[in-house]
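Chemist: Chains as they are written, first to last, in UniProt numbering: chain C, 1 to 351; chain A, 1 to 1223.
No lab work stands behind these hints, which were simulated from the structure alone. Don't be surprised by glycine CBs; every beta carbon is placed ideally from N, CA and C.
Partner residues are not named here, just some residues of chain C that face chain A (Cβ under 10 Å, in silico):
(1) P28
(2) K29
(3) V50
(4) E77
(5) F131
(6) S180
(7) R249
(8) L253
(9) P254
(10) S285
(11) F286
(12) N345
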Amino acid sequence: MNSSSGSAAGPSSGSGDGSAPRRNSKRPKYSKFTQQELPACKPILTPKWVISVFTLVGVIFVPIGIAALMASNNVVEIVDRYDTECIPANMTGDKVAYIQNDDIIKTCTRNLTVPKDMDQPIYVYYQLDNFYQNHRRYVKSRNDAQLKDADQANKTSGCDPEKTTKDGSPIVPCGLIAWSLFNDTYNFTLGNKNLSVNKNGISWKSDRDHKFGKDVFPKNFQNGILRGGASLDSNKPLNKQEDLIVWMRTAALPTFRKLYGKIHQDLKANDIIMVTLENNYNTYSFNGKKKLVLSTSSWLGGKNDFLGIAYLTIGGLCFFLATAFTVVYLVKPRKLGDPSYLSWNRNPSGH
Amino acid sequence: MARRVRKRDRLRWSLLYTFACARPAVLADDEQTPFLQGPGYSRIVHCNQSQLHGKKPLDYSSNYISTTRYNAITFLPKALFEQFRRVANIYFLLAAIISITPVSPFNPMSMIAPLAFVVGLSMAKEALEDWRRFYQDMKVNSRKVSVHNGQGQFGYKPWQKIRVGDVVKVEKDRFFPADLLLLSSSYEDGICYVETMNLDGETNLKVKRSLEVTLALEDDEAFRDFTATLRCEDPNPNLYTFVGNLEYERQVYALDPNQVLLRDSKLRNTSYIYGVVIFTGHDSKVMQNATESPSKRSRIEKKMDKIIYILFTVLVLISLVSSIGFAVMTKYDMPNWWFLEPNNTTSLYDPSKPVLSGVFHMVTALILYGYLIPISLYVSIEVVKVLQATFINQDVLMYDEEIGKPARARTSNLNEELGQVDTILSDKTGTLTCNQMDFLKCSIAGVSYGVRASEVEIAAAKQLASEASGSPEHHDDTEELGEDNAGFYGTSEIELANGITCMVEKSHKPAIKGFSFEDDRLMHGNWTNEPAASTILMFFRILALCQTAIPEHNKETGGFTYEAESPDEGAFLVAAREFGFEFCKRTQSSVFIREKYSPSEDPVEREFKILNLLEFNSKRKRMSVIVRDEGGQIILLCKGADSIIFDRLSKNGRLYENDTSKHLNEYGEAGLRTLALAYRMLDESEYSAWNTDFLKAKTTIGPDREAQVERVSEKMERDLILVGATAVEDKLQRGVPQCIDKLAQAGLKIWVLTGDKIETAINIGFACSLLRQGMKQISLSITNIDLLTHDANKAAKENLSMQITNAFQMIKLEKDPDAAFALIIDGKTLTYALEDDLKNQFLSLAVDCASVICCRVSPKQKAMVTRLVKEGTGKVTLAVGDGANDVGMIQEADIGVGISGVEGMQAVMASDFSISQFRFLERLLVVHGHWCYKRIALMICYFFYKNIAFGLTIFYFEAYTGFSGQSVYDDWYMLLFNVVLTSLPVISLGVFEQDVSSEVCLQFPALYQQGPRDLFFGWYRIIGWMFNGLSASIIIFLLNIAIFYHGAFCAGGQTADLAAVGTTMFTCIIWAVNVQIALIMNHFTWIQHLFVWGSVVAWYLFLVAYGLSSPTISGNSHQILSEALGPAPVYWSATLLVTAVCNIPYLVHISFQRTFNPLDNHVIHEIKHYKKDVEDQHMWKREKSKARQKTKIGFTARVDAKIRQLRGKLHRKVSSLTIHTVS
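Generate coordinates for the entire structure from the input sequences, incorporating the hints supplied.
Modeler: Dropping the structure here:
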């Protein structure tokens, strides 16, 4: 190392002084690594390879696409938009006033026809449109520590503006997300029989076990002047409040569904379900839609035609590409390693 | 130190030398005083009274030198400043500052940590480099020199302690510690020899003479009471001027550069000198010459900056879009979003002040989309380059066994620039040649002696052999020939088709340094049997007598070694000794030769009285001695350039002229340095008449003295009788012609810039095949114009302009496509050619010529030529040199390469790369340069691709969140993306990628052209990659959004939340970019596999670990893989789909490109892969030879030319034969 040092123009004098004694100490050690001669696989992009890759992708993708499409087709889904219907005719002019008036009882009845047989479990979702659960102000407005641990109820940082009550005592659960909890309710009857909605196990298990404490109870919740969404039963620990747990997993997009409950009963085609719902939640301010969704599920989840179609399209495209390259290869083959393709053979005038 | 007085020390050289200036007499007081008091001439030195220089105004700078950039205090601010000169770093610094405020979309650590890491790493590198500089300075500063302590006692002191005014004693072969005034030397007349290699690269010794008055100060004691006052110019960088006077014993004497010994030059052939320190440390001329080494950046990096500017623009644009969107949404929509409590907000989201919120959001957005600017790019590139440099340092094939030095990449900034070099500017001495002369051949009385072939001949014959006989080509020309030179000997005789025999006898390693001659006709006294024995005798005498060397008795061997001013002369003396004419003693007036006519005889010592010595200079190009032999006969012995000697032959002296000139041509063609030897018998009267004139001329006082002496000398040097000619091989360094040949074939242009004489330079041009017979030499020179007046200056320029125009005409009119031109220009002419109005003309002429040789150039001019080429052609220049005189050029060029040979370290210290031999340049450029260029180019492209693909998804998602600045990814993912998850694969690409193996790189020099033509980092490529990134980002985002739109994504019926979508999207990105890099790579060792697939695995491992951590850390990502995504087939099928779709366009593109438009490296790779090179050797060989650029220089071109010439001859012969038969 002594010979190498700074790059300043040091005419600091020449030195011929002795490199002789340490002659071989500077000899680089030979190893395949340092000489960059490690055994290496050097794949070549041959037409054969290209064609087989595309074919392979096609062979894998098309069956997946078919399977996904089939799974999606087996899912039965009932979607019912009720926010416009559940407003008395005289109030349609001022929906916001209607929904904000606590004195009006907002019960509403809907009849849903089952288009096909639906096997249990049937999932009940509510779908909101144009609701920005992913807004930064909204997403950040929570405090995980407080939800998990009863001792940390005072930790309300980040919960602005739903942090504390007027007198300064902390709100549990704090923050905008919890405050704006969805509060429409649904009751289902099939014929005369009540279809019970099971609200257990609609949230992630890990959320119930690790994220929402079993000894944390709501405190000072929805006590402010400004009412948000649903109230919570202050005697029920947070890990039992599954609606809240589901709601607290903020959606990625402004249109989202959230699980409301499960119906453990098979439904037959053309059954008519009567839904008695309470239309409490204000989506009218921002022209949001509210929909009730009943859906079965497959191994893939809910109805999702897109995945299958995408797989089929890409699989098909790959088959097409494989064919195209085969044709190219047959029509205008380039012999591998054909020296006539070297640049100096192609334009002999020089580079 | 006892003074050893040797006999030769007593010589009075001043009496012998013809052109030695007589000491000017004492100056009259009134003449000098006004002269030395103006500004610029204020320095006063109290000799031997250094204590007087302790306080102002005489407190000059100390002799401590420092070339470091920082010191302990300035390091932090200065180094930080350097770091934040990079635009991207400033951006990240601002981002880090802002990240502490609530405006930031991320937590502050994720911004600060990477920045601290990047900046810290770069600063650590700076600190290390500066430490090494400091260490080197310390080594120099602590060298010891003997200094007068008072009372006539001398003691050793480190250099840094020396003060102005100190009297120092410097011993033989030591460097001068500062600029000194020479007081006296071990020679009685106060001369000393100085080697200025480190200053100007000239290897011949220079004579310095002290003033007559200080000659008496010749031992330690004499300095007890010595005082004098010296007034001189202020420190300045002019090496060749010095103005000052010395007031000593109440007399004032004028001083000139002859009395000044410069720091960093070396005392030679003189046991010791005494001197007074005039300039110390940074005041010394050599330090004044030093320029701050510029920090160099490669072209790719400069272009990368432009890309970063483009990305910045994109960043600002999308931030603007995002902010406007946000402001609009905040104003019109947010009041309706009761769930955000719009009436109770901070100004970040205040619907009543949308503009203010928008402005705040702009800041947020700039940080959020910062992932477009790859912060880790700089640090990754730095890491990659350091590793690449390590590979260069570790290359066994660039290790020189003899010197024991490996190649060194001293800065790692320029690795990729090595792959784009267009022009090489090379020094000659020590770079191309070893500066060792070997007496190889001679022509005496029209007979050529000496059977050994020069290296050029061997190389050319070798080439001829392989080309003409069609024998299976050797594996690697360079190596094989290199080995030949190293010592595989043998004789090969090559017969060409047309019957011309080329005899090649390869040399034994010369047993005697400087003597490779082999011919029994002359050796061992056999010459006495030759027909022209008397001429041969004269030839040997001229060799032995016509010189200025000093013999030195070697006690070990009993023989003599010679200390000559030039290596040629040494070679002549050694040759004369071997022939039996041993120069053994020199006295004031005589030279003694031990002559031995046959091996059995005892030598006879003969004395030749030296009457006059007519010195060599570059204008005269000859030297003569006039001697009186033992018989009283006066003879003028002359050696000189053939053209000069031939002009001065007498009528009856031309007996051997034709034969000799034929031989001279042959020698020249063989790359040898030639001199013609002649003599003239004088009778007494003629001599004494001339001598009177001569003495008169010599004692003339005035400026025309030298001209007069020359004129008188001229009178004597005529009517010569030609004896013969010598051919000396200026030993080229090993493998130089082959290397030049290969580099030329790789399309590089080679310029030689040398401080040497024009003849020497031309000879070397021949030797290393930059010039050849049949090449048209365009010589630009301005002669005999008085340069003092303004008009003359103008005239000179006009003259030069004319010459250039004529040369252009000549090139234009040339019909022969094989014709090659060589441009030769000397330093004086270059001064004009480099002026603004002519330089472009000059450059375009030079570019049209196959080789360019600039002789007699000063270090400054070397740098100026380099700058001209660099700026004029806009292409990458590489300067290679070994001496301090090359420092300017090395620093000026885009890449400076220092040869760490035997000479000083200056060139190496200033260089970016150091190699121990010129021939390693080939491997450095063609293998390492080529690889590094491709690696860095691919790496940067990929980096931009990857960051665009990632960064834009964040932007798209914004549109779905009301432009609120919420990121779809967890902060941790974003932090890890650049630092952990995608950095190792790209580093492995940058370090290990090889498109073809090193052998193939060397076999197909044309592959190198991909660099200078910038095939892999052109704008087309870069934009292509950016589009690839754009399409990947769109694909990743849209497919994921569509898949997770609103339905349940798993069998449990739960719907996907922000964390699930973000994690899936991120998984897709990790897969897509890693598969993409796998598609780019051509070369997979286990390392690449480990890094690429390891990165993917690392992501899953991280996800599991993150999921297991406490929910207060992981938030919504708690157990996301194990509970939510892992069991969901949608997650895995989305990954597969997105990865495939992202990479299909690229796959289609490269498949298409390979089918229709394969690059050279693709085809060669295929040939190699299918072993076609083994099956079809003919094709392989043919392509290898086609891959060379058509060159006009290098021995391949030379052989081609020779073959053309022979064919032409044969053709003529055949046609004349036909005519003959017909008639």
